[in-house]
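K.L.:
Sequence:
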Amino acid sequence: MVAKGYEEYLLLKKSVEGLMSEHERLKGSIKGVEAELELTRRELLDRTEEVKELKTKYERARFSGAILGNQEDAEIAKRRVNDLVREIDKCIALLDR
Numbered sequence: 031m032v033a034k035g036y037e038e039y040l041l042l043k044k045s046v047e048g049l050m051s052e053h054e055r056l057k058g059s060i061k062g063v064e065a066e067l068e069l070t071r072r073e074l075l076d077r078t079e080e081v082k083e084l085k086t087k088y089e090r091a092r093f094s095g096a097i098l099g100n101q102e103d104a105e106i107a108k109r110r111v112n113d114l115v116r117e118i119d120k121c122i123a124l125l126d127r
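Going from the sequence shown to my numbering is simple: count from 1 and add 30.
Wrong hints could be hidden among the right ones.
[Claimed, not checked] Straight line, CA to CA, 20 Å or less: simulated SDA-like cross-link-like pairs of lysine to any residue:
| no. | residue 1 | residue 2 |
| --- | --- | --- |
| 1 | K108 | R127 |
| 2 | K87 | R110 |
| 3 | K85 | A104 |
| 4 | K82 | L114 |
| 5 | K108 | I118 |
| 6 | K44 | I60 |
| 7 | K85 | I106 |
| 8 | K61 | S45 |
| 9 | K87 | E105 |
| 10 | K87 | D76 |
| 11 | K85 | L74 |
| 12 | K85 | L69 |
| 13 | K120 | A104 |
| 14 | K82 | E66 |
| 15 | K85 | R109 |
| 16 | K87 | K57 |
| 17 | K61 | L49 |
| 18 | K57 | L67 |
| 19 | K34 | M50 |
| 20 | K108 | L125 |
| 21 | K82 | A65 |
| 22 | K34 | H53 |
| 23 | K43 | A33 |
| 24 | K87 | E102 |
| 25 | K82 | E64 |
| 26 | K43 | S59 |
| 27 | K87 | L67 |
Think of the hints as simulated: they come from the structure by calculation, not from any bench.
Work out the full structure, taking the sequences as your base and the hints as a guide.
P.N.:
Written as structure tokens, this is what we have:
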């Protein structure tokens, strides 16, 4: 009976050691994934900034086209200028409060 209890103890000990080893391996994997996630987040921020810059350049190019005579772009530019004027007026009204 004592031998059976000892065998169960050894099996349990081996299982616990295996679980601890697996736990350490998974902790290492998590650290690797977290580092990769942080890198991906930074890349996403960089790409988002790049997209904003490209949109700004595109809008400027369209506005330039409007000034040079493209009718469709001229209408878009006129609406954009009107929107900006309204936004400036709102800001001035807020500052006057």
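K.L.:
With reference to the structure, classify each hint as holding or not holding.
P.N.:
Hint check:
{"no.": "1", "hint": "K108 / R127", "in the structure": "violated (29 Å)"}
{"no.": "2", "hint": "K87 / R110", "in the structure": "holds (15 Å)"}
{"no.": "3", "hint": "K85 / A104", "in the structure": "holds (18 Å)"}
{"no.": "4", "hint": "K82 / L114", "in the structure": "holds (18 Å)"}
{"no.": "5", "hint": "K108 / I118", "in the structure": "holds (15 Å)"}
{"no.": "6", "hint": "K44 / I60", "in the structure": "violated (24 Å)"}
{"no.": "7", "hint": "K85 / I106", "in the structure": "holds (15 Å)"}
{"no.": "8", "hint": "K61 / S45", "in the structure": "violated (24 Å)"}
{"no.": "9", "hint": "K87 / E105", "in the structure": "holds (18 Å)"}
{"no.": "10", "hint": "K87 / D76", "in the structure": "holds (17 Å)"}
{"no.": "11", "hint": "K85 / L74", "in the structure": "holds (16 Å)"}
{"no.": "12", "hint": "K85 / L69", "in the structure": "violated (24 Å)"}
{"no.": "13", "hint": "K120 / A104", "in the structure": "violated (24 Å)"}
{"no.": "14", "hint": "K82 / E66", "in the structure": "violated (24 Å)"}
{"no.": "15", "hint": "K85 / R109", "in the structure": "holds (17 Å)"}
{"no.": "16", "hint": "K87 / K57", "in the structure": "violated (45 Å)"}
{"no.": "17", "hint": "K61 / L49", "in the structure": "holds (18 Å)"}
{"no.": "18", "hint": "K57 / L67", "in the structure": "holds (15 Å)"}
{"no.": "19", "hint": "K34 / M50", "in the structure": "violated (24 Å)"}
{"no.": "20", "hint": "K108 / L125", "in the structure": "violated (26 Å)"}
{"no.": "21", "hint": "K82 / A65", "in the structure": "violated (26 Å)"}
{"no.": "22", "hint": "K34 / H53", "in the structure": "violated (28 Å)"}
{"no.": "23", "hint": "K43 / A33", "in the structure": "holds (15 Å)"}
{"no.": "24", "hint": "K87 / E102", "in the structure": "holds (18 Å)"}
{"no.": "25", "hint": "K82 / E64", "in the structure": "violated (27 Å)"}
{"no.": "26", "hint": "K43 / S59", "in the structure": "violated (24 Å)"}
{"no.": "27", "hint": "K87 / L67", "in the structure": "violated (30 Å)"}
Consistency note: the structure conflicts with the earlier hints numbered 1, 6, 8, 12, 13, 14, 16, 19, 20, 21, 22, 25, 26 and 27.
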